[in-house]
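Asks: Taking the hints into account, I'd like the entire structure generated from these sequences.
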Amino acid sequence: MSPINFVYLAAVLFAIGAATVLVRRNAIIAFMGVELMLNAANLALVSFSRIQGNVHGQIMAFFVMVVAAAEVVVGLAIIIAVFRARQTISLDDPAELKG
Amino acid sequence: MISPVLFWTVAILTVVASLALLFARKPVHVAVAVITAMVGLAAAYVGLEAPFLGIVQIVVYTGAVMMLFVFVLMLVGVDQRESLKETIAGQKWMAFALAIGLGALLVSVISRLKVSVAGNPASGEPEAIAHQLFGPYVLVVETLGFLLVTAAVGALVLTHVPRLFPKRTQKEVQAARIQAGANPVNKTFPGVYARHNALDAAALDPDGEPIEESVQRVLKIRQQTVDTIQFRDETRHRRRELGAKEEDQ
Amino acid sequence: MLSVSWLLIAIPLASFFVLMVAGRRADAWGHWVGVAASTASAVVGIGAFFALVGRDASERFEAVHLFTWINGGDLKVDAGLLLDPLSITFVLLITIVGTLIHIYSVAYMAHDARRRIFFAYLNLFIAAMLLLVTADSFLLLFVGWEGVGVASYLLIGFWNHRPAYATAANKAFVANRVGDVGLIVAMGLMFAQFGSVGFAEVLGGASGASTAMLTAIGLMLLLAATGKSAQFPLQSWLGDAMAGPTPVSALIHAATMVTAGVYLVVRAGAIYEGAPNARLVVAIVGAITLLLGALIGTAKDDIKKALAASTMSQIGYMMLAAGLGPIGYAFAIFHLVTHGFFKAGMFLGAGSVMHGMDDQVDMRRFGALRSAMVITWVTFGLGWLAILGVPPFSGFWSKDKIIEAAFVGDGWQPWVFGLSALIGAGVTAFYMSRLFFMTFHGKARWTDDQHPHESPLLMTVPMMVLAVGSAFLGLFLAVGNRFQNWLAPVVGEHEHAEPVLSVPVLTTATLVLVVLGVGLAYLMYLRRSVPIEPPPPSLAVLVARNDFFQDSVNRAAFQTPGTHVTRTLVYADAAIVDGAVNKQATAIASFGQASRTLQSGKVRSYALIMLAGVVVLGAILVMGS
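Residue numbers (my numbering), protein chains in the order written: chain A, 1 to 99; chain W, 1001 to 1249; chain P, 2001 to 2625.
There's no promise every hint is true.
Said to hold, decoys possible - Derived lysine-lysine pairs resembling DSBU-like cross-links, with alpha carbons at most 35 Å apart:
| no. | chain 1 | residue 1 | chain 2 | residue 2 |
| --- | --- | --- | --- | --- |
| 1 | P | Lys-2602 | A | Lys-98 |
| 2 | P | Lys-2602 | W | Lys-1085 |
| 3 | P | Lys-2602 | W | Lys-1092 |
| 4 | W | Lys-1026 | A | Lys-98 |
| 5 | W | Lys-1026 | W | Lys-1085 |
| 6 | A | Lys-98 | P | Lys-2583 |
| 7 | W | Lys-1026 | P | Lys-2602 |
I should point out that these hints are in silico values taken from the structure, not numbers from a laboratory.
Keep in mind the model is a prediction, meaning the values are calculated, not measured.
Replies: So, in structure tokens, the structure goes:
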């Protein structure tokens, strides 16, 4: 079976992750959706690396993982800060930008 | 080439787990689902001749990132039950439509690719990766180091709460306690008996009655305490056997 | 003297400014300044006249260049004066009659607090009228034309604390304005055809233009003339203009301003020469008006309104004469001059009567004034005889010649025009005699508090001078065809043509009709006593008394449709033009309001929009490749 199928899988996972961000109200679950999207991208990268026959895709996927980890750290810190201020992590509550 | 068994197992596992992201109620269930998906993906990486990445996936993602998620979940409320009812009008179906559209778009792009799979892929062993990382990509690695430090410091800064009031000293805490009418001395420890020294046995006061407040409230609520009277009576019984006089009991 | 003839206009104009600016402290001597300014103009005018008389007949014109006025591309108009026999005749008429009326006004307006301003306006009028008749281009004439319109408005509405008088002033101005459109269009046509609006270029080049263009110009000039001279169909303002003080009626609405239309038509004779149809229309307008005015005059009980109708009718005679071509031009101006004297004289007489009768104007309240106001009776009587056309007084020489000229021609024209003029003469005799008998003869029908007395010298002396003119000026000018020869360089050599009825027949017929008219008036108003309350009118009298319902006709034909058009346009402006702009603004505002809903402040909505954008862009990119 060709590794291209994994790329299809990555596309599906990416779509599911996008839907999660839009649909779920809990900030942490939405964040998990973002992580899922990143993982889907990683999967695509690794698949293409296998198709091409070199490791460049894997290197890029490695970098993506590191960056994702850093992003998670900062993102969760933000969520905690917001929670401390408002006692809620619902994405609908902060609406100060309402026009 | 990839084994179809591997592919389909991974595919079904990850897709079903991801759907839990969308439809599960409790956040902890969602976190567990995501962990499952990550493990599945790690398996996929290994199958794709990228063993190093697969292990790193487990270590970093499931080990570190998801644990972070779970910790934060515990901080902000682990037993929230989320309502799946949508508050913004039209959001749900628009989101699904767009996600399906996005998926279709990506699939259509991928389907146009003509790929010739390399027969002899390069090794994904840690050595080969390391040669690449610290060879051509060394600057990126350094930059990533900066990034990680920045992230850590950023997290500290974000969660730092400036002290608005001076810290209460132990003396002030004690004084407040006394003024509130608390007992100045320590609470009594649970009873230690010859045959039982667990936390669920109350201590005995000089009159031989159990001190209720020496056992944790939770245990009492759960009715997991042990009756202390039996230990008292048994002590007396043993002492009488050993020839103690009545007035010493 | 000719080179300083611009002083004619400058002196009264300066006096106007001085009197307006001087303020209350000039109230004691302001009127004498006005009289002096008018007199100075008269002196300059007389000097210019004698300077021209001294020259040969073919050299009797002087072009005085004043300054370059408009120099815009193709249109170049210089301000200048043209002094030739026609303009000098008018100058003399205006200044002499004007000065006499100035003197009269000193006494007539003696009790009015705003007398100084009255004289300022009179001087403004004199200046504008003199500019009108001495201008050397149609555009400069138009400046004077508008100036006299303004002065007339100011003077008719002089007592504008009475709303009816102010409305009358508005009516006069608006009717004039309608006519002014004709003059503006005519100037436009002249510029298109001749490239200039100066007399020399237009009148000199008239023979080279097409008949259609000349007819158009001629008709437009006629429109302007009808407005200014109160001819049909723009005649409705003259009766109401009597709201002004009597000296105003005498000067402006008898002698001078209303004759400006005749001046325009005569001056533009070269244009009508090439447009016989336009000339015919002029004659028709004149004929209609002379009959209309005469009929209206028979039913009016207000002495000033009767005299106004008479003016309308007499100017109709002048227009008729001007519309007959070269055979009539000289007589039109002749009649204009004599009419100026006797009509102004009669108006001043009426003013004297009103002064003595406490501003009463209803003739049914007059009667038997000849013993109380002898001088007025005599001067008015001479004017009456002149307008009747009784020889040897002025009117006979001028009006009879017009009637003769009206009977010249082929086909229906001489009969229609001639008979109208003839009948008009008879009706004129009737109603003027009616007026004279009702006012000065018969039994006294005064109210109890009236004590008629003769007017002071300042009023009677001008009346006497004008009466002398009414009596003898016609004879003086007719001797040896003096007047026709004087005007010949401007209006062309007088052609003598035979009328269809011979001259003695016509003269006799005229006199017979005059006697009949006087006799009828004598029977109705002298032998029988005049009722104080007007008797129930017959249909004819009713129509005439209501000015042939001219105001109703104007309202129905022009005002009401015009108001509808205006209302529709205003509505269209508000709804469509303003509406378009406002609706645009509202549309933008509501679009903004609708766009506000996009900014819900909710993160997930923004995320949705972002995803939508990504999908759309991606689709476009994918489709495109």
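Asks: Hint by hint, say whether it matches the structure.
Replies: The hints, checked one at a time:
1. Note on P:Lys-2602 and A:Lys-98: the hinted pairing holds, with a Cα-Cα distance of about 7 Å set against a maximum of 35 Å.
2. Among the hinted pairs, P:Lys-2602 with W:Lys-1085 is consistent with the structure: their alpha-carbon atoms are about 16 Å apart, no more than 35 Å.
3. Taking the CA atoms of P:Lys-2602 and W:Lys-1092, the gap is near 14 Å; set against the 35 Å cutoff, the hint holds.
4. Note on W:Lys-1026 and A:Lys-98: the hinted pairing holds, with a Cα-Cα distance of about 29 Å set against a maximum of 35 Å.
5. With a C-alpha separation of about 14 Å, the suggested pairing of W:Lys-1026 with W:Lys-1085 holds against the 35 Å cut-off.
6. Under the criterion of a C-alpha separation no larger than 35 Å, the hint pairing A:Lys-98 with P:Lys-2583 is consistent with the structure, at around 27 Å.
7. Proposed proximity of W:Lys-1026 and P:Lys-2602 is supported: the alpha carbons are some 23 Å apart, at most 35 Å.
Violated hints are absent here; each numbered hint is respected by the structure.
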